[in-house]
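A.B. asks: In case you want the letters, here they are:
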Amino acid sequence: MNAIVKEKAVAPEPAAETAKREVLLKVDNVSLSFGGVKAITDISFDIQKGEIRAIIGPNGAGKTSMLNVINGFYHPQEGTITWQGKVRRKMKPYEAASNGIARTFQNVALFKGMTTLDNIMSGRSLKMHRNFFWQLLWHGPAANEEIEHRKKVEEIIDFLEIQAIRKTPVGKLPYGLQKRVELGRALAMEPDLLLLDEPMAGMNLEEKEDMSRFIVDVNQEFGTTIALIEHDMGVVMDLSDRVVVLDYGKKIADGPPEEVQANQDVIDAYLGVSH
Amino acid sequence: MLYDIFIDPFVQMYDMPDFFLQVLWEGFVAGILYALIALGFVLIFKASGVFNFAQGIMVVFAGLTLVGLNENGVPAYLALILTIGVMGVLAYGVERVVMRPLVNQPDIILLMATIGLTYFLVGFGEFVFGGEPKQMITEQLGLPTGSTAFEIGERGLVILQHIDIAAAVIAVLMVAALGIFFNKTRIGRALRAVADDHQAALSVGISLNQIWAIVWFAAGLVALATGIMWGARSDVSFALEIVAFKALPVLILGGFTSIPGAIVGGLIIGFGEKIGELYWGGLVGGGIESWLAYIIALVFLLFRPQGLFGERIIERI
Amino acid sequence: MVGSASASPRGENTFPKILLRNAKVFGDRTAFREKDFGIWQSWTWSEVSEEIRAFSIGLQSLGLSAGDKIAIVGANRPRLYWAMVAAQALGAVPVPVYADSVAEEMVYVLGHAEVTFAIVEDQEQVDKLLSMSDEVPSLKHIIYDEVRGLRDYDHTHLHDYASVQQTGRDKLAKSPALAGEWEKGFAGGKGSDIAVMLYTSGTTGRPKGVMLSFDNLVISARNGNAFDHLDETEEVLAYLPMAWIGDHVFSLAQAFTAAYCVNCPESMDTIDVDRREIAPSYFFAPPRVFENMLTMIMVRMEDAGKTKRKMFDYFMGVANKVGEKILNGEQVGLKDRLLYSLGEFLVYGPLKNRMGLTRMKVGYTAGEAIGPEIFRFYRSLGLNLKQLYGQTEASVYITLQPDGEIFGDTVGKPAPDVELKIAESGEVMYRSPGVFVGYFKNDEATASTKTPDGWVHTGDAGIIAENGHLKIIDRAKDVGKLNDGSLFAPKYIENKLKFFPNIKEAVAFGHERDMVAVFINIDLTAVGSWAERNNVNYASYQELAAHPDVYGMIESHVDQVNRDLAQEPMMAGAQIKRFLILHKELDADDGELTRTQKVRRSFIAERYEPLIDALYDGSTSKHVRTEVTYEDGRKGAIEATVEIRDMTTYDAGKGMQEAAE
Amino acid sequence: MFYREAGQFKTSYKADQALMPILQDRVGLAVILIIAFAVIPATANDFFLTSIMIPFLVFSLAAIGLNILTGFCGQLSLGTGAFMGVGAYAAYKLTSIFPDANVIVMVLLSGVFSAAIGAVFGLPSLRIKGLYLAVTTLAAQFFLEWCFIRIPWLYNYNASGAIEVPHREVFGIVASGAEATPLARYFIVLGITVFIALLMANVLRGRIGRSWMMIRDMDIAAELMGIRPLRTKLMAFAVSSYICGVAGAMMVFFWLNAAEPSSYSIRLSFQILFMVILGGLGSLSGAFMGAAFIWILPVILKFVPGLMGIDLAAETIEHATFMIVGALIIFFLIVEPHGFARLWAIAKQKLRVWPFPY
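Protein chains in written order, with my numbering: chain A, 4 to 278; chain B, 31 to 347; chain C, -17 to 643; chain D, 269 to 626.
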């Protein structure tokens, strides 16, 4: 029954798909500066539903600033951001979450005092509603709510294969695992858009491969749209459907990996950057 | 009512300029003393990032030691020198016993340690010299007493205590001295290096421990001076401990690491407090001196969280 | 004793029937647990029977029918155990396969067994099977437990366990009569029917498919239960390969017949924690596991504070002196008793707690001879650890150590209903209800192993001691003679070496040679931590193995072994003359070990021929290059210059006085 | 060693999320409670109750209050004393306005007022962090202290300027006022403290407790995960102040009988802060340990010389005590900056892995 082999369909070709996909987030002519210093200059691009979108560029290209703009931590002086079809007003950082945007941080920003479990549970905060007085009682509604969310969290722990460190305080974990927990925390928010700020920074090859696998799985299993920053070209090229390249706060290229890779400006920008 | 709040005080200021001047002077002197205490805080904070709650007690302690020694028959000037010695020993001890083991601990822990130190010094001071208030040995130290009165307009009168003038002068001298110490001397520059960047300081071969001992000693001297001044105006007692908290709002205004800031902050608080008390305090039954300073600082904070001289903080992630 | 009566009703003769009985008698008792999503998910017997029924009917509708072979591939999971019974209910024969076996091995087994269905754990296994579907034309359907990563696969021949089960449930919902029919389906099942096919990872040649009937399993299982008074209150941990007879009997046959609870760990890296949480009352493990636990204990104690270590050593001394006596209920002085109970509080108790053996009523080790000192260590802690001697072909049980008759060097008396005899060749032979039906599609092998009147060749050389206990010397074919005629039993020597925590594996040579020489594998955990403590830096196993200090350490161990051997008249002639430390760890992926981690002597002999020559040509070092297979299947090679050391040997009987004590 | 966890497994999340998943802990707690509710009342004399147990419990509660704010939500406060004062004065007014109301209810109610005021002074915490925040709480401290002095209504215009606890009965038992028996007071204080501690334990293991710790550990990350900083911090301030308020009220009603503004001075604030720091930031059990240390140690020290036959002037001992406590505080900060709770945690871990070092 060679049948099986033949019929085993691989994941749909991204390139083919992208055309039809609807736009989730659109950035138009955004500029950002701190006290005169321009971090981002007139950048426009979009992120489509269900894709893995990479933002790459040499150090200091304004990648992180871009991310901070997207999730409302910085407010651009110029330009508009269209989120799910609506032009987004100036919003408070905490509103990003309720808008369905989750993120991880360049240098892990876990809650050091808590266990892996609690860290990921914290991702559910927005989805839990039992008020203070139920919490006082604990037994009954509050406990049930907790349990129902614990189930979700356990699925994530299972998904990321971190059962062994479930009850370990995150401070004690090796860097690679911390990154994984942070990803889990973001996943717990069940975001529409997941922002990953250098998810593989400071990882060894093996860890990088694991992380890549998880990122792809997240994208395929949950259909989560992912925008990730990485300055390791190699990784990005395998992972992402489309890539936007920044350099000195300006956009120098945008398109599918192979295209971008060929682009002369990109090559120049990366000259001297060892990869 | 509104009249009492918004008009009447200013009318009074106009009607009785002499009184107003007197108030300003009081504020000025109080400010100087706050500034002096704040100075002690700044010295230590600058060099070690430690918020030294014990500064207030060090003032009292210094004063007590001086007076105590004198009471036990030690001639004033010798007592003064001995006290300086004691402050030196204290500085060394603190560096050895408190600072060194607690290096790199979170602020709050160090803060707590200095409060622990406060307890210890209070206990120790009382243990040795007894708890009851003492008279500062102003004359013996050859500090001016008495007062001079100035005629303001007709029948207006402003009285300046000589000791206050002395206080002002000494304060100015001390600031000047510190300024020179920081900018001209090797250790002083080293100190600033430490304040800016521990690693850098270490790399140019400065022993942090040394530095700490020195700043604590410097702070000790400042405390002594403050103690004398303050003691001369009221008397030397642990009530001062509370007053020492006033240094906090001062620092808030001036910023934790700026010496000029400390002075300016001190004066602002000094003036604000006295004027507030004498012209508005009455409306709420007086005694607002006890908290006005903090409220001023609080309001100020809300608008400029980094202090007068501190630079702006940009949040990054 | 709770329910021990109900542990041995003879009525039901197949697992499906026993399942129904358990669902009736022990309906609300927990039958299976699995650590999943952070807690122990539990199923009662009635739930289990419902699950199995639904899945079984689901399989039926997929076309699984009597006589079909159905492969079971994956780690221990309730669903996989259930799948076996579900298949049996339809008259199909489950064929558990080692999940971690390399592709070729698996292809052979699946192909040889002509499996039509495969029930697998997850994507990894699915991919493996898909990749070999060309070589295994009989395979029609693959059913997986873990959905992850399989969404985009084509599902015409691929099914989700849950959905198959759902089909069953729906059908049942539609026609409740179905349940009855399903039960009727196996009501007529005979005990002589084939229950399961297990492929023995033979130390030589291709694996053989051992066909075991229900009678084989059910009867031996009941005997086993009766022998150790096991009932429905036991807790066991299912963590050994499902394809191995041991696990099959302990986690399925005995579990069903005694109706006790089977617990499946969360994952292989949480196994220690899971064992501690469950604290099995009936525990089975190959010597390797006990060796590792002991090594772990020793390593950790090395890192412990001075006083703690003193205390530990002292009380271990006490235990060594009186522990076993107390366990065997012999006379012991009051002082010792008190000391021992103090030790129990300070050391033994906590140790058992850490190992998760606190509640262990009886524990077995088998598959290989266990180092006598290791064995004694556990017994001296008050753990009723016993040896058994068994085989796939015997449905495990051949001999067992009865309580109170425990001797480190023997494997016990014949199990209930087992007849035992020693052939003139010295080979151990047995006959029992557990004796297998035959090798699948391999009559000549069957014939050569099993005599017409039902006696089975174990392939082990042994003697029956005066106390009626069987003593295994070695593999029959491995026992050899040195050129000077003195007896050479490699295993015996190897086990002596392997007792030292620092030595993980040892291979002895000497048959038809002038002297005994050995390969040694150091234990990376033990030696590694030793290296840390003595800040010896090393980058790889190879480097550490070659380190002079390590050599020195191993040399002292080998010397100790020689001293021991010298004390044993039979073995004195076979002392170790030369040894070397291998530059790589022996590894199943390279075919050097079997899947059950037994050394493949002959294979190693070929593979490392140059080294063996070097051992015997007197050279003091040898440069070698060796092919290796990495976990991900890539191949590579490692080179090294291996040092060889000479050993002094001792005259026979030297140090007899010690032995006399 | 004592922790034999083998065989303790959880088959439900409910069990897994229990306050004390480990059997031995539950047993330990049970023992402590039995001692507290049965043994001590049966054996202890009035002195032990009034000058050790009652104040110890009162301070423990206050420490829990401050711990919520500083230990769990990371907001440093020096205003604890004043917030306790608010509770005390509120309770005093309530009892004098509703003479027939149950005094215990009044005490519990008084916390609401300090909660409100606490929240108000918490407002700056949105923009102000760390030591700076400490100053704003100092403002609260001194301002409120001033209020206690300057607003005669608060103390019913007593000439003394102090508040004296009225005689009140609960179910026919004298609960407050001079005639109240130490035992009655003890039970009330114990009851309230245990009750509130339990409630807090619940809150802390749930969503809200987590949100506080999120703010404490990494406020930016917390915010980007949808935690509203102000709301969360204010809640911490309110809850913390409520508890401190109740503690303050208990302090005067069931311990001191009378109090004046100076009873709630900055000294008290520091005392409580020490209990929290030495006990261990972010630990409920730590609050109790800290309180025990800071309160009971001096009491013991007072008697040591007497017991050793040395007789010293009361104030000399007083001073010596000050020195020793101060020194010990520094000592413990050096030994274990994370407090007794951490020490216990370490010890417990050792016991769990015994005889292994890890």
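No lab work stands behind these hints: they were computed from the structure.
Glycine included, every Cβ here is placed at the ideal spot set by N, Cα and C.
Wrong hints could be hidden among the right ones.
As a list, the in silico PhoX-like pairs of lysine-lysine whose alpha-carbon atoms are at most 20 angstroms apart [as the list claims (entries may be wrong)]:
#, chain 1, residue 1, chain 2, residue 2
1, C, K290, D, K618
2, D, K616, C, K290
3, D, K397, A, K170
4, C, K580, C, K459
5, C, K153, C, K166
6, C, K317, C, K463
7, A, K52, A, K29
8, A, K170, D, K618
9, C, K307, C, K317
10, C, K172, C, K156
11, A, K89, A, K52
12, A, K170, D, K282
13, A, K95, A, K52
14, D, K618, A, K155
15, C, K110, C, K617
16, C, K403, C, K453
17, A, K170, A, K155
18, A, K115, D, K397
19, C, K288, C, K307
20, D, K616, A, K175
21, B, K76, B, K214
22, C, K559, C, K604
23, A, K130, A, K29
24, C, K307, C, K292
25, D, K397, B, K76
26, A, K175, D, K618
27, D, K278, A, K154
28, A, K154, D, K282
29, D, K618, A, K29
30, D, K616, A, K155
31, C, K292, D, K278
32, C, K288, D, K618
33, C, K292, C, K343
Computed footprint of chain D on chain B; a stretch qualifies when at least three of its residues, placed anywhere within it, have a C-beta under 8 angstroms from a C-beta of chain D [stated by the list, open to error]:
#, stretch
34, 133 to 139
35, 143 to 151
A.B. asks: Hints first: check each against the structure and report whether it holds.
C.D. replies: Each hint tested on the structure:
With a C-alpha separation of about 12 angstroms, the suggested pair K290 (chain C) and K618 (chain D) falls inside the 20 angstroms cut-off, and the hint holds. At most 20 angstroms may separate the alpha-carbon atoms for a hinted pair to count; K616 (chain D) and K290 (chain C) meet this at roughly 16 angstroms. Note on K397 (chain D) and K170 (chain A): the hinted pairing is violated, with a Cα-Cα distance of about 30 angstroms set against a maximum of 20 angstroms. As the CA atoms of K580 (chain C) and K459 (chain C) are separated by approximately 15 angstroms, the hinted pair is consistent with the 20 angstroms bound.
Only pairs whose Cα atoms come within 20 angstroms are accepted, and K153 (chain C) paired with K166 (chain C) is accepted, the gap being roughly 17 angstroms. For the given pair, K317 (chain C) sits about 49 angstroms from K463 (chain C) by alpha-carbon distance, which is inconsistent with the 20 angstroms threshold. Taken as a hint, the K52 (chain A) and K29 (chain A) pair is honoured in the structure, with Cα atoms around 11 angstroms apart against an allowance of 20 angstroms. Taking the CA atoms of K170 (chain A) and K618 (chain D), the gap is near 17 angstroms; set against the 20 angstroms cutoff, the hint holds.
Between K307 (chain C) and K317 (chain C) the alpha-carbon distance is near 14 angstroms, which keeps this suggested pair within the 20 angstroms criterion. This hinted pair does not check out: K172 (chain C) and K156 (chain C) have alpha carbons roughly 30 angstroms apart, beyond 20 angstroms. Using a Cα cut-off of 20 angstroms, the hinted pair K89 (chain A) and K52 (chain A) holds, with the two alpha carbons roughly 15 angstroms apart. A distance of roughly 16 angstroms separates the Cα atoms of K170 (chain A) and K282 (chain D); the hinted pair therefore holds under the 20 angstroms criterion.
Our distance criterion of 20 angstroms between C-alpha atoms is broken by K95 (chain A) and K52 (chain A), whose separation comes to about 24 angstroms. Between K618 (chain D) and K155 (chain A) the CA atoms are separated by roughly 33 angstroms; this puts the pair beyond 20 angstroms, and the hint is violated. With a C-alpha separation of about 18 angstroms, the suggested pairing of K110 (chain C) with K617 (chain C) holds against the 20 angstroms cut-off. Distance restraint check for K403 (chain C) and K453 (chain C): the Cα-Cα separation of roughly 12 angstroms lies within the 20 angstroms cut-off, and the hinted pair is therefore satisfied.
Under the criterion of a C-alpha separation no larger than 20 angstroms, the hint pairing K170 (chain A) with K155 (chain A) is consistent with the structure, at around 16 angstroms. For the proposed pair K115 (chain A) and K397 (chain D), the alpha carbon gap of about 19 angstroms is at most 20 angstroms, so the pair holds. This hinted pair does not check out: K288 (chain C) and K307 (chain C) have alpha carbons roughly 29 angstroms apart, beyond 20 angstroms. At roughly 18 angstroms between alpha-carbon atoms, K616 (chain D) and K175 (chain A) fall within 20 angstroms of each other, so this suggested pair holds.
Between the alpha carbons of K76 (chain B) and K214 (chain B) the distance comes to roughly 17 angstroms, so the proposed pair stays at or under 20 angstroms and holds. Annotation: proposed proximity of K559 (chain C) to K604 (chain C) holds, straight-line Cα distance about 17 angstroms (limit 20 angstroms). Only pairs whose Cα atoms come within 20 angstroms are accepted, and K130 (chain A) paired with K29 (chain A) is rejected, the gap being roughly 26 angstroms. Under the criterion of a C-alpha separation no larger than 20 angstroms, the hint pairing K307 (chain C) with K292 (chain C) is inconsistent with the structure, at around 23 angstroms.
This hinted pair checks out: K397 (chain D) and K76 (chain B) have alpha carbons roughly 19 angstroms apart, not beyond 20 angstroms. Our distance criterion of 20 angstroms between C-alpha atoms is met by K175 (chain A) and K618 (chain D), whose separation comes to about 17 angstroms. Straight-line distance between C-alpha atoms of K278 (chain D) and K154 (chain A) comes to about 14 angstroms, which keeps the hinted pair within the 20 angstroms bound. Annotation: proposed proximity of K154 (chain A) to K282 (chain D) holds, straight-line Cα distance about 11 angstroms (limit 20 angstroms).
For the proposed pair K618 (chain D) and K29 (chain A), the alpha carbon gap of about 55 angstroms is over 20 angstroms, so the pair is violated. As the CA atoms of K616 (chain D) and K155 (chain A) are separated by approximately 31 angstroms, the hinted pair breaks the 20 angstroms bound. About 36 angstroms separates the Cα atoms of K292 (chain C) and K278 (chain D), which puts this hinted pair outside 20 angstroms; it is violated. Restraint check for K288 (chain C) and K618 (chain D): the C-alpha separation of about 15 angstroms stays at or below 20 angstroms, so the hint holds.
Between the alpha carbons of K292 (chain C) and K343 (chain C) the distance comes to roughly 30 angstroms, so the proposed pair goes past 20 angstroms and is violated. Under the rule that three or more residues need a Cβ within less than 8 angstroms of chain D, the assignment of the stretch 133 to 139 of chain B holds, with 5 such residues. Given as covered by chain D, the stretch 143 to 151 of chain B passes the check, having 8 residues with a CB less than 8 angstroms from a CB of that chain where 3 are the minimum.
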